[in-house]
Structures are given as structure tokens and as C-alpha cells.
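Protein chains: 4
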Amino acid sequence: MTTAITGSAVTALRETVCRLHDELVRYGLVAWTAGNVSGRVPGEDLFVIKPSGISYDDLTPESIVVCDLDGNLVDGDLAPSSDTAAHAYVYRAMPHVGGVVHTHSTYASAWAARGEAIPCVLTAMADEFGGEIPVGPFALIGNDDIGKGIVATLEGHRSPAVLMQNHGVFTIGKDARAAVKAAVMCEDVARTVHVARQLGEPLPIAQADIDRLHDRYQNVYGQR
Amino acid sequence: MTTAITGSAVTALRETVCRLHDELVRYGLVAWTAGNVSGRVPGEDLFVIKPSGISYDDLTPESIVVCDLDGNLVDGDLAPSSDTAAHAYVYRAMPHVGGVVHTHSTYASAWAARGEAIPCVLTAMADEFGGEIPVGPFALIGNDDIGKGIVATLEGHRSPAVLMQNHGVFTIGKDARAAVKAAVMCEDVARTVHVARQLGEPLPIAQADIDRLHDRYQNVYGQR
Amino acid sequence: MTTAITGSAVTALRETVCRLHDELVRYGLVAWTAGNVSGRVPGEDLFVIKPSGISYDDLTPESIVVCDLDGNLVDGDLAPSSDTAAHAYVYRAMPHVGGVVHTHSTYASAWAARGEAIPCVLTAMADEFGGEIPVGPFALIGNDDIGKGIVATLEGHRSPAVLMQNHGVFTIGKDARAAVKAAVMCEDVARTVHVARQLGEPLPIAQADIDRLHDRYQNVYGQR
Amino acid sequence: MTTAITGSAVTALRETVCRLHDELVRYGLVAWTAGNVSGRVPGEDLFVIKPSGISYDDLTPESIVVCDLDGNLVDGDLAPSSDTAAHAYVYRAMPHVGGVVHTHSTYASAWAARGEAIPCVLTAMADEFGGEIPVGPFALIGNDDIGKGIVATLEGHRSPAVLMQNHGVFTIGKDARAAVKAAVMCEDVARTVHVARQLGEPLPIAQADIDRLHDRYQNVYGQR
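Chains as they are written, first to last, in UniProt numbering: chain A, 1 to 224; chain B, 1 to 224; chain C, 1 to 224; chain D, 1 to 224.
Hints are computed from structural coordinates only; laboratory data are not their basis.
The structure presented is a predicted model; accordingly, all values stated were derived computationally and were not measured.
Careful, some of the hints might be misleading.
Identical chains blur together in the list; that is why a pair holds if it fits in one copy or across any two.
Here are the computed lysine to any residue pairs in the SDA-like style, where the Cα-Cα straight-line distance is at most 25 Å [what the hints assert, rightly or not]:
(1) K174 <-> L59
(2) K148 <-> R19
(3) K174 <-> S82
(4) K148 <-> A9
(5) K148 <-> Y27
(6) K148 <-> Y221
(7) K148 <-> L59
(8) K174 <-> P42
(9) K148 <-> E62
(10) K174 <-> Y56
(11) K148 <-> D215
(12) K148 <-> L203
(13) K148 <-> R216
(14) K148 <-> G115
(15) K148 <-> D57
(16) K148 <-> G222
(17) K148 <-> D211
(18) K174 <-> S52
(19) K148 <-> A206
(20) K148 <-> D209
(21) K174 <-> R197
(22) K148 <-> Q207
(23) K148 <-> G28
(24) K148 <-> T60
(25) K148 <-> E15
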């Protein structure tokens, strides 16, 4: 159907993005086929993304499709994810983003259903999100509305995650793995803060402490 | 006990229906032996269904039984599911239905215990169910009451899932796989809407938007 | 330490009881080593039970110990479960019981912590328990108090499960497998009724309907 | 980078501590890389701990690092956990402690987010914790504040677990395995008591009964 993109960077990225979907399954972020990972091809106006409606068991690196930044299929035998336009918009508007993830994970989507941001009351949330996880607008699938809502919301925040109203979560990262991590941590803190609020009000964390935690985590944590 | 039905369509369907029970287990929709999948044999007044009280570990394609549309055992060594009469009624009354699933999945059954429909406050719910997931009547097992309740409720709805009061979920689909998908998505949205409502009221989605989402998902999503 | 009991019935029962602990793990009923299964040796005043404080990964048929009906170790290299006295009391007092299971499963133990019986608002509960799941007294470990509390509570009920106040669940059955099934179903309905009650009151089921459901399930369900 | 510590005690401890991280994963106590286990090297002023930001799938005994009691890296190719200073402070201040575990497990962290101790309303909690699970102060990472908060809180309690406000759980034990057990049981009781409280007030257990249960469990349970 399309010209084969056979560079080794694309081949490796298809493998990486294919396997990252296993993390969505492992952490229980997705039911049936409802969630997808994409990754920007370094140095190209291209990204790779899950094909539409394919079960995670059946995903192979070869089944991952390649799209241009308008969301058009460039290489692959299957139709791209129905969320491709949203991913493409983010890559066009945010050049520093190398990976995008979308899920309907339970607790994050529950906050999204109420249109309520998740308050930053956990040090792990300060670490990863640098503050609250914000809510984006209600938007229908089928044009750039979802992509615009993601970008408009995330541009004013440190958070790599946005709760799209009545819908689910989109996360971004420097690469696909970082976006998957943000999706995993988003559901984790969405659940913990939900559980905390069920029996009372969580204690606030001072903004200056949130700032210190976020700065340290972004610059000291992990291996250099 | 019964004449062997050895056509290759039946053999393949037994294999498919056997394996689809693994999805009920994987998504945590069933405890012990409480849940079953059936599939209509294409072009025949027959369907295949789980035998009664057999553990999912012990299910084999050969153990799946074949019944006629009155629920009588036609082929197989084991007694059919105790829910066979309900499946049979649905196949008799709804010729477009090719698969039926029954579970007591936790969150859906909790809505059913209160006799409360699940409101459509998630785009994923608009996609798959086209509106609320309705409640059917309380009905005892042992005659056609459950089947009648399922059909009477679903005939007035886009939803492929019905919450039978104080009981559990029945889902339908064009084939057994589609009915299993509906069962998985029903529990997923039942849980997310439950969690959302624990801390406030979810925001409504306008009916026109529900209609657009449902139309698109049914006609555009997945591979053509 | 003790005379070897090497009859084939004991050998087979050790194997069965060993493997049934896997079901406690599979259904998430136990954390670390907190839960145990026992089974009466047919025709003997003996039962087999988990050794104390051994992890489920390390359980082998040989590690399962044999006790007399006073709870004394008769065969085995390890100390019996610290709950052995409660199991022994049940076997002495209830000759029809062939299996006993104890867990601290989350939702059942939460009802037990409030000292509240689980109301019968699900048809699956009517099937397996024939009514509410009752609460037994608070009792300390170390003598026959727990056993007495189990027996005094279950003698007045159809339910094979009792919620021991502030403690956890004991279930009984005609054999160890039936008691494990009751433990699995107890947690399943404890969770569903809990979830139902979080957002309102479950609808009641008429006593006559509970009776019909229980009678049918005990006499018609499964393979004959 | 550092002098190799090649004694067989260190080699064995690296293996043990590596494998104990699997228990954090198995019991769902950790998301991504957020949780760590350490163990004191018997007879040395050293302990071994997880490296920072390494996924549990990629942990090997060789990747576990060795630190002195000031938290300085003594052997290993990777940077130690960002929580190393807290572990080190505990080992310096509490000579009887041979293992420390840190997680952000959901239910325990939810109590911590509200700054609320978990009341002792389960016999399993009396057994393992001997009373309530206390709350420690809010403290930032980067100096000894977390370690001081852990020690100041646990010194006045039987509990081997402390809920650090807005943060998560630290547990201690005579060795790393005991600290992991405390982390598993802490989340288990945090969840059960949370669920109990969602629908009312758990019944209290008399202090004298808590004392008896704790004494018996610490001295009689398990194999001698």
C-alpha cells in the first residue's frame, strides 16, 4: 500500500513502540484495544504508532505503522490508530516531544469524567508532574480538536499528562518510553489521590516544596 | 449421548468459543465458573456454549457443547451451562445476534444490584454502547424469563449490554468475539463511572455528541 | 518426628490440598502466608493442613502436615498452621464437613471489621450462600474460641462462610475444594455488594426467590 | 568505579535483595521504579540497595550496589537509590534493623496523604504491627530529614511500618525479608481498613487483646 520505510532507525523504533504497549497491559491501563503509543522518528517528520483496533497480543513490530506529521499513512499494511490525528498534532506543535501515549486508564479517566484536575498531594506527583495534572477540554474525535486541546493545556504546565474531559489521558515525553512512564505514573497517582479523598481531605504540599521536589527529580534521579 | 456434529464450522467455533473464555479470566470478569460465552453456528439453528460448572482451566474445544435454539443438547458429553435457556432465547428472538456472553463482573453487577443504569459520561461508552447501559428486570433462572428480559431491554437500545437486576450482565454481538468485547468494555466503563461518581457527579455528554461518537466508532474504527 | 502416615488416601489429599492453596493466590485472597486450606482424611479421624508460616511458593505435598481431630501433629516435619485448633474444632463438631478454609480476604474482612453481615442482594449469593453471610464473634487465637464461634454461627445458617469479627473468613464444604470455592465466592460477593452500597442501597431479593435460587443451584447446577 | 566487595556474604545478600524486589512487584506495591529494598551486611558497616531508576525487570544481583552507613557508594557500577540516605540513617540509628523497604503502595500512601494513622481494627494488624501504623512527618528528600522522621516515629512504636506524610511507606525488619513482609502486610491492612471505613466505622479491638495477639504472633507463629 505504501512505500517501505526501511531505515534502521524506523525498524528499531517500531520494535521499541511495539514492546512499550506491553507496559500498558502490564499496568492495567488498557482494556481490549483502547490505548496507543507513538514515537517520533529522530530527525524525520515521521512517527510510528499502533494500528487501529488490533489486540495487544497480535501487535508485532511490522504491524506498527509509520505516519507523516499530518497523520497520513506512509508505511504499513494496516490503518493507523483512530487517535493518529491527535498524536500528529502534538508532534507538529511541540518539537521537543518524542513520544505520545493515550489511554482510558480507570482512575485518571474518572477524574476526567468529572472535569477535575488531580491536586498535587503526593511527593511522587511533585516529582513526575511538578504540580496538579490538568484537565483539557471536551473534544470530539475526527479533526484537530483533541490535539489542540492537549497542546493548549500542556503548554501552560510542567505536567506531561493531561486529562481530556469525559475521555481519558494523553501523556508526552522526550521519547515513547518517557511518555509511557508518565501514563503509568498518572494512573498511579490518580488512584492514590482518589483513595485518599474517599475518606477525607489530603494535606496540601507547599508550592515551594513541590518546586524543590520536581527540580531534584528531573535533575538528580536515576542514572547519569 | 448425542449425535456427533462434526462439521468444520462447528469444530472451529468450539475452538473459538473455548478460547474466548480466556478473555473473561484475563479481564477478571469471572470467579470460579460463573460466566459463559456462546456462539451461533453460521447457517444452522444451533449454537455452542460452555458446559455447566466446569473450571476455565479444564475447558477444551471438545468440552464445549452444541445446543439447538430451544436449548436442547445436540452434541457433547457434558450438561450445558445453566444459563443456556437465556442464550437460546436471545438467538431465537434476535436473528442478527451471533454471540452472547454472561458474567457477574463486579462493577457492572454492583450497578445491577441497585437496579441503576450506567449513564453515558465517557466517550468510550458512547463509542461502544451509544448511550447508557440499561437495566433489565429481576428474573429467576429456570424458564424463559431471563431471556425475555434481555431481549425486551436490548430491543429499545443501541447498547449491546444489559444489567439484569440483582444478577449480572448479558452482552450480545455479531459474533462471540464481539459479545466478549462488549462484556469487557461494559465492566471497564462500569468501573470508571463508579469511581467518577464516588467523588462527585460526572459531567454529561450532549446527546448529539454521543450520536456522533457512536456513529464514527461503529463505522470508522479498526481495520476495514 | 512423627509416625509416617503413608496411605494413598493421605498422599492424594496432601497433593489436592497443596494445589488448592494456588487458588487462594490466584484469586488474591491471601497476602504473604495468611490463609490456609485443610481437608478431612476420608474414614479417619485425621485431617491435613498447611504448615505455619510457609510461603505458598514453597508448599509441596510433602510439606502438608497431618493432624488428629484434637489438632495434634500426627505426621509431618513442620509445625501445623496456627489456625489448626479452629479447623480441628470444626471437624469434631460438624461431621459432614470435609474441608475448611481460612483467609483474610480484603472485602470480606472489611465487613468483618465492622461486624456486619453481607446482605443477600445478588442471585449468585442466593445460589452459593442461600442468604446473608453471617458474622461470628470476636475471638482470640490459642484455644477453642474461634472454632466454637465458627460452629455456633454456621449451625444456624445455610451459608458455608462466616465472617469472624475483626478477623477474616472461615468457610466449610463437603471437601476442601468446595470450601475453597466458598472462600472465592465469599470474597467475590463481599466486593460486589460493597461496591453496590458505595453509591446507594442495593435492591432486596424476596426470601422466596432466595430459597428457589438456592435450591436450584444446590441441586441442578454443574455436572451430575 | 569502586573497590569490589567480593565476600560471599555480600554476594548472597545481593542475590536475596535482588529477588525480594520481585515481591514488591508481585503484590502490586510499586509502579515503574518507585520502591526499593535494602539489607544490612552482617557484621559490617555496609548495606546493599537497589540502584536508582532501574526497572525491576532489569535488576540483577550484580546491579545491586553496596553502600557504607553514610550512604556512600562502596561497590557497584550504578548510582544508588535516591532514597539511600534515608536507609543509611535508619541503619546508623537502629542497630537491630537488618532490612529497610520503601514503597508508595496505594492504600498506605492514601492514609499518608491525609496524615492519618491506620487504626488497629484487624487481628492481622495486631499480629504484625502490635497497634496502629503511625504517621511520620513531611520531609523533603536530599538530606537526613526523612531518615530522622522514620526513626523518631518508629522508636515509640511496635510497628515496623511508618507512613511518611504525603509520601509513602518505610518498613524495617530484622532482615530484608522481614521488612518486605511488613511492607506487604502494611498495604494489605491499609486496604482492608480503608474498605471497612468506606461504609461505616470498624469495631475497635481492646488494647489487652491487641497485646495478646501481638505477643503470640511474634513468639509462636511460624516454624521454630
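| request: Please work out whether the CA atoms of K148 and A206 approach to 25 Å or closer within one copy, between two copies, in both situations, or in neither? | output: between (31 Å within a copy, 21 Å between copies)
| query | For K148 vs D215, is the C-alpha pair at or below 25 Å within one copy, between two copies, both, or neither? | reply | between (28 Å within a copy, 23 Å between copies)
| said: As a check of your reading, is K148 near D57 (CA-CA no more than 25 Å) within one copy, between copies, both or neither? | reply: neither (32 Å within a copy, 36 Å between copies)
| query | At most 25 Å between C-alpha atoms: does K148 with Y221 qualify within a copy, between copies, both, or neither? | reply | between (32 Å within a copy, 21 Å between copies)
| query | 25 Å Cα cut-off: does K148 pair with G222 within a copy, between copies, both or neither? | reply | Between. Shortest inter-copy distance 24 Å satisfies the 25 Å Cα cut-off; intra-copy 33 Å does not.
| task | Evaluate K148 and G28 at a C-alpha cut-off of 25 Å and name the case that applies: within, between, both or neither. | result | neither (27 Å within a copy, 35 Å between copies)
| said: Regarding K148 and Q207, is the shortest C-alpha distance of 25 Å or less found within a copy, between copies, in both, or in neither? | reply: between (28 Å within a copy, 23 Å between copies)
| task | First find the shortest C-alpha distance between K148 and D211 inside one copy, then the shortest across copies, and answer within, between, both or neither for a cut-off of 25 Å. | result | The answer is between: 22 Å across copies meets 25 Å, while 27 Å in one copy does not.
| How do K174 and R197 come out at 25 Å by Cα distance, when the copy is not named: within, between, both, or neither? | Neither. Shortest intra-copy (32 Å) and inter-copy (34 Å) distances fail the 25 Å Cα cut-off.
| How would you label the pair K148, L203 (within, between, both, or neither) given a Cα cut-off of 25 Å? | between (34 Å within a copy, 21 Å between copies)
| request: Tell me, please, which holds for K148 and G115 at an alpha-carbon limit of 25 Å: within, between, both or neither? | output: This pair counts as within: shortest intra-copy Cα distance 17 Å, inter-copy 39 Å.
| task | Can you give me the call for K148 and T60, within, between, both or neither, at a CA distance of at most 25 Å? | result | Answer is neither: 30 Å inside a copy and 44 Å across each miss the 25 Å cutoff.
Comparing the model with each earlier hint shows violations of hints 2, 4, 5, 7, 9, 15, 21, 23, 24 and 25; every other hint is respected.
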